[in-house]
Each structure stands twice: as structure tokens, then as C-alpha cells.
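**Q** Read off the chains here:
Protein chains: 2
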Amino acid sequence: MSSETKIPDATIERVALYLRPLEKLMEKRNQVVSSEKLAEMCKVNPAQVRKDLSFFGGFGVRGVGYEVHDLLIEIKKILASDREWRLGIVGLDDMGMALLYHKNFLKRGYKFVAAFDSDPQKVGKKLPIGLVVQPVTKIKQLVKDLDIEIGVITTSPSRAQDIADIYFEAGILAILNFSPIQLRTPECCLVQNVDFTLNLDHLAYKLSQ
Amino acid sequence: MSSETKIPDATIERVALYLRPLEKLMEKRNQVVSSEKLAEMCKVNPAQVRKDLSFFGGFGVRGVGYEVHDLLIEIKKILASDREWRLGIVGLDDMGMALLYHKNFLKRGYKFVAAFDSDPQKVGKKLPIGLVVQPVTKIKQLVKDLDIEIGVITTSPSRAQDIADIYFEAGILAILNFSPIQLRTPECCLVQNVDFTLNLDHLAYKLSQ
DNA sequence: GTCAGATTGTGAATTATTGCACATAAAAGG
DNA sequence: CCTTTTATGTGCAATAATTCACAATCTGAC
Chain L
1 MSSETKIPDA TIERVALYLR PLEKLMEKRN QVVSSEKLAE MCKVNPAQVR
51 KDLSFFGGFG VRGVGYEVHD LLIEIKKILA SDREWRLGIV GLDDMGMALL
101 YHKNFLKRGY KFVAAFDSDP QKVGKKLPIG LVVQPVTKIK QLVKDLDIEI
151 GVITTSPSRA QDIADIYFEA GILAILNFSP IQLRTPECCL VQNVDFTLNL
201 DHLAYKLSQ
Chain X
1 MSSETKIPDA TIERVALYLR PLEKLMEKRN QVVSSEKLAE MCKVNPAQVR
51 KDLSFFGGFG VRGVGYEVHD LLIEIKKILA SDREWRLGIV GLDDMGMALL
101 YHKNFLKRGY KFVAAFDSDP QKVGKKLPIG LVVQPVTKIK QLVKDLDIEI
151 GVITTSPSRA QDIADIYFEA GILAILNFSP IQLRTPECCL VQNVDFTLNL
201 DHLAYKLSQ
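As they're listed, the protein sequences go chains L and X.
In terms of our numbering, the first sequence opens at residue 1 and continues consecutively.
In terms of our numbering, the second sequence opens at residue 1 and continues consecutively.
Please keep in mind that the hints were generated in silico from the structure rather than gathered at the bench.
Careful: at least some of the hints might be erroneous.
Note that the list lumps identical chains together, so a pair holds whenever it fits in one copy or between two copies.
[Stated by the list, open to error] Cut-off 25 Å, straight-line C-alpha distance, at most; resulting in silico cross-link-like pairs (PhoX-like, lysine-lysine):
(1) Lys122 with Lys103
(2) Lys103 with Lys206
(3) Lys125 with Lys140
(4) Lys206 with Lys144
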């Protein structure tokens, strides 16, 4: 299928989802996987898997399935996850620290290259991952100097918009926002919000049905 | 609209999203809000807001808008978020701790009533929120004794399935899984997975476009 | 070399979601 | 009390996403 076709957001989301099972299959030394198997592992429909993948080209072999290794590489290429992405983070309370130490990020090429906090007590402290805590006043400069592409926000909601504005001004490309507010953002900057409470709300709703 | 109509999942997700802006409007002492304003705050379409809300009944007043306070109450009722939900958590590394200390949960009625870890070093320690760390061997008993309804999993992926199985056996109603694996689950138990890497993958994809 | 079995890729049918557009109703002003 | 303004609730059309179903094609066995 041509790369000109508009690819549904939902497809992108699922394609990213396929990575984990594929990594697991790699570990288990499975050379090949069928759409049926992969679908089962992700709890989706096999036709969906095939259609999703066919948006990006025919990676499979009829009668056989998909080469696990090749598919993994292809999907990473599709997602631009086949390279390192440089992250900064602002707000080093519990959640910020948990993200900094989270090993899955680095495994997938998401690398924290700077960590900021407004608390003078924290500034200057050396973190186990080798970074030194920087004051928020340095965000603008360091985003540029260190080529930070994605900015993570784990501050309190009251500070989140100010931090976002500094990120924007510094020319950041995207923001991953853990603060429970809707950020006002310029067109050019992508934002993804993360809010676990929404997951719990959804569970609560379904449980009450 | 009748409560018999099948309500789209997407609607539930959005309705939960409306809570934060409404809380903000409450703080700002706004009595009334229009679908247009609310839509703008959530970056959705005004007609969507009206349709979403109309699934549950006509909460608005034509020519006026929606009473902020009443709508907040109604949505909480809809989501069954108008009461306390009792949570347990297994895996008290950084992420587990960050969730335990996360104030937003409690504000919304999600209350951790037990915390478990398999590390004997951690078991018995008193946590600032007033809980004592329990060994994983006690999960089954305490889920029953303390009426734990939702089980959070923040263990390493290698342990996540075992912990889930213990939760299921104890009769837990739902699971919030932060471990990057797809859990095998009985029909009766709801699962929501949380994986930030997927958010980053999505950003990476869009940035590469 | 042919046939049986397996599994992809995709057009078409189905199902779900979104958003327009307008009838409806409340409020405010004169 | 009538008119204007505002903003909801909703039928319907348009759009989008999912799933079916089957032709295409590869593998391996005999």
C-alpha cells in the first residue's frame, strides 16, 4: 500500500503495541509468526494485524507468516523508533524519578539527557543515572545545547503550563505531559497527555455496569 | 436517551476527560458552562460534548448551558466515581511508590488500602501514607479481608503474570497493569494496561512525519 | 510436478463514530 | 407579551474503523 494513504491513528497505536510480543518471540527464538498468533498475543483481530501491517507494505509471506526479526526492524523503522530520542524532564518528585529510572525507556532508545527541578535543594544533586539536577532557569539553554527533542513534564499542575511555555520557547518538538491539565500549545508542538486516573475511571465505570 | 442504548467506549473515555476542566471551572467559581467552552477546554467538538452527555440524559438547559456543579456530580455518578474504590498494589519500586504517593488518586476516591512486595527487606516497613508493606504471600488473604477491588501491578514483567494469577484467585474485580506484558486473564476480570513507551512511540512516529 | 495445507493481502460489507444543521426551549430586553 | 439571542438535544448524513471472505501464493510431502 502506498505511503500516500492516510494512516489511521489507531493503526499507529496498534503497530506500537505489536513490538512487545515480537520482542518476546525473539527471546523465545521464534523465527516466524502468523497474524493469528500475533493477534492473539495482543488481543486483537488477525485481519486487523494484517491490514495494519499492509499499510506499510507487504512484510509477510503467504502460507508462511511474518519473519519475527524483520518485522521488528520494520516496525521500529515505521515508528522512527530505530534511533535514539533525547528527552528532558522537569519535576523530580516521585513520578519524575520513577520515569528517570525506568529501564524500558532506554531499551527502546528514549534517553534522558537532562533533568530539571525548581527546588534549590535538589539542584546540583547527582542522580544515579549520571545526570546532575539542573535548575529550571537552564531549560531553555540546555534544550538547545543538548538537542532535547521531547520534554517530559511531571510537575504539579499549577506549574505545568509555565514549564510547557519554556519548553516551547526553547523550540522543543514534543511534550509528554503527566500533569492533569490540558496544556495550551502552539501548533508546531505535539503533546501527549498521560493520566492514570482516566484508566481507573474507565475500570470503575465498567465495574459498575 | 434511554440507558438501554449501547454507549460507545469512546464516549466513556471522553466523559472522564470532562471531569478535570469541570473541576477547574468549579475552582474559578463558574456556575455554568456551554458545550462550546467545555469542548474548547478538552480540544474536542462541541456537538460531541452534547452528544456524549445526552447519552446519559439531558443535563443542560437550552439557551443557557450546563450547571458546572451538577454536571460534575452527574458525571461522577455515571463513572461510578462518586464513591471510594479500594486498591492494592504489588511492586514497590520507584513506580509503585510514585503511584502510592500520587495525590490525584485519593482526591478522586481511589484509595490504596494495601501494598505488597516480595523483597523481605521491604516487608514490614511503614510507609508515609500509613500502610505497612505486606509480603506477596498475603495478597490472597488481604484482598478478601480488606475488600480490595482493583489490583495495581508495578512489578517486573517476569513476575507480573504470577501476581495477576494470585489477584484473580483472590477474586479481584479489575487490574491496572503497569508491566509491559499482555496478561492472560479470566473473562470475569477487567484489565487496563498502562505503557508510557507507547505514548513516546506515538510521538516519535508523528515527529518523523 | 502436482496437490494439500497454510496464511497473507485486500476489496467489499459491516459496524461504529463523528459532526452538521436545525428544531426546540429558555432568558432577557423592550 | 413578543422578539431576539443563545445554546441544548438529536435525526441524519458523512466519515472512519473493523471484520469478513476469498483469491493469491508459498511450502512441503509424495
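**Q** 25 Å Cα cut-off: does Lys125 pair with Lys140 within a copy, between copies, both or neither?
**A** Only inside one copy: Lys125 and Lys140 sit 20 Å apart there, 41 Å across copies, limit 25 Å.
**Q** Using 25 Å as the alpha carbon limit, work out where Lys206 and Lys144 are close: within a copy, between copies, both or neither.
**A** between (45 Å within a copy, 21 Å between copies)
**Q** Checking Lys122 and Lys103: alpha-carbon separation at most 25 Å within a copy, between copies, both or neither?
**A** Result: close both inside a copy and across copies, 22 Å intra and 21 Å inter.
**Q** With 25 Å as the alpha-carbon cut-off, assign the pair Lys103 and Lys206 to within, between, both or neither.
**A** between (32 Å within a copy, 23 Å between copies)
Hint compliance for this structure: no hint is broken.
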